[in-house]
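Residue numbers (the numbering used here), protein chains in the order written: chain Z, 394 to 558; chain X, 1035 to 1278.
Hints in this document: simulated from the structure, not taken from any laboratory.
None of these values were measured; they are calculated from a predicted model.
Ideal Cβ placement from N, Cα and C applies to all residues, glycine included.
Treat the hints loosely; a few may be bogus.
[Said to hold, decoys possible] Restraint-style ranges between C-beta atoms, simulated for each label pair:
| id | chain 1 | residue 1 | chain 2 | residue 2 | range |
| --- | --- | --- | --- | --- | --- |
| 1 | Z | Arg438 | X | Asp1237 | 32 to 38 Å |
| 2 | Z | Ser534 | X | Val1133 | 43 to 49 Å |
| 3 | Z | Ala401 | X | Gly1210 | 27 to 33 Å |
| 4 | Z | Asp546 | X | Gly1224 | 41 to 47 Å |
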Amino acid sequence: MEFADYVAQRRPALMRFATVLTCRTWLADDIVSDVLGRAFEQWDRISAMAEPHAYVRRMIVNDYLSWRRRLFRTAPRAEVEDHAAEVGDGADERAERDAMIRRLARLPRRQRTAVVLRYYAGLPDAEIAAQLGCGQTTVRSQIARALAALRIDLSASPRAYQETR
Amino acid sequence: MNDLKALEDAFAELERRADNAVLRAGASKSRRPRLVPVAAAVLVAGGLVAGVAVLTGGSGPGGSSSVREGSPSTPMTTLPVRHSLIPTSAKELEDRFRVVLGDTATFTVTDTGGSVETDGDGNVKPGSGVAIVGVLTVAGHSGGYDLQIIKSNPAVGPHCEDLDRANCNIHKRPDGSSIAVSTEPLAGPGNGVTHMIDLVRKDGVEVLMHVSNERDPKGESQILSPKPPLSTDQMIKIVTSPQW
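If we strip away everything but chain Z, and leave its shape as in the complex, we get (with noise of 0.2 Å):
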């Protein structure tokens, strides 16, 4: 596949990805593009690859937990504050979902991306661990301590996410 055919097909759902990982789609679209230009100067290695986009997604997973993207911090630019500012008509159901991604947003980079795969992308342990680069257990326990922030009780419904591809 040639690149600009991948990221004609493929950007959208990086893009998802990359917001659900760091709930900004500012800073989404920063990564996204930055893992593009690094991956465009990869293609021939890349694409030669048997799963091309997840290798892709996993350079998202890494540069999101690189630490160039700390400094983040500093910057201005607080979307998840902002979105949860418009909330206020009333609408319960909207309220519980800003207010969950806004527990999201505040979990360690750490946890929310342990999170992410997990929930969001469908990983399993191994495959989790392996991209954090720490042990399952360790993995099992981030994502612990991550549902007691969100307060979330998997015991009340263990389905898992069906992530937009």
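Since the structure of chain Z is already known, use the hints to place chain X on it.
Okay, now just chain X, sitting in the frame of chain Z:
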């Protein structure tokens, strides 16, 4: 307590926002292609967005995408800046860095970014400052570095990239400043690592420095040395130097 349905709803809403962002981007014919040099992107990511956005006319939530190639940091230096500890230009930062380093190391500057943004009273706004990026050499060993001096957000102290890592060390210093010290493995082939020192002084000035054994301190670049040319102890001496 919630069930997973609440999380699914959050995912779905975030997907919807992503789709809207893609649509908005597609509708914007004037949107420039991303030609930002890698190092400049670091600086934009480095909380210097506010200053850069001013330089480029501002661009809202997608602002970093519109930063022009080679449009780093020089304007706005004529504004009154009361916080003299924050350099008013990348050149000033480079000159100070040279003084602080003395004979310890030599360095090149391959990119610069950010700018000092002030409020109406001439005070430096939190998150604004300047940065330089390049290659640093000590005794024949080279590695990429970046150095930023910015006005810190008082509510946010220093922290490591990954608080969960065992090598993340954050502590208070006798002078009231706080410092984070860590070593991060870099993505990409090879054994790239970067040392990070993040000092937030009592006066709110933040000195952030990365030194890597790769050409690009972000990683995914050429390995230049078996290890970074400076140790974290040497870097601590540099960022805490009274010569800044």
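Range first: 43 to 49 Å. Now tell me if the beta carbons of serine 534 of chain Z and valine 1133 of chain X are that far apart.
holds, 47 Å
Hint says 41 to 47 Å; check whether the CB-CB distance for aspartate 546 of chain Z and glycine 1224 of chain X agrees.
holds, 44 Å
Distance restraint hint 27 to 33 Å, applied to the beta-carbon atoms of alanine 401 of chain Z and glycine 1210 of chain X:
Violated, since alanine 401 of chain Z and glycine 1210 of chain X (Cβ atoms, about 54 Å apart) do not stay within the stated range.
Starting from the range 32 to 38 Å, see whether the pair arginine 438 of chain Z and aspartate 1237 of chain X falls in it by beta-carbon distance.
violated, 48 Å
Checked against the numbered hints given earlier, this structure breaks hints 1, 3; the rest are met.
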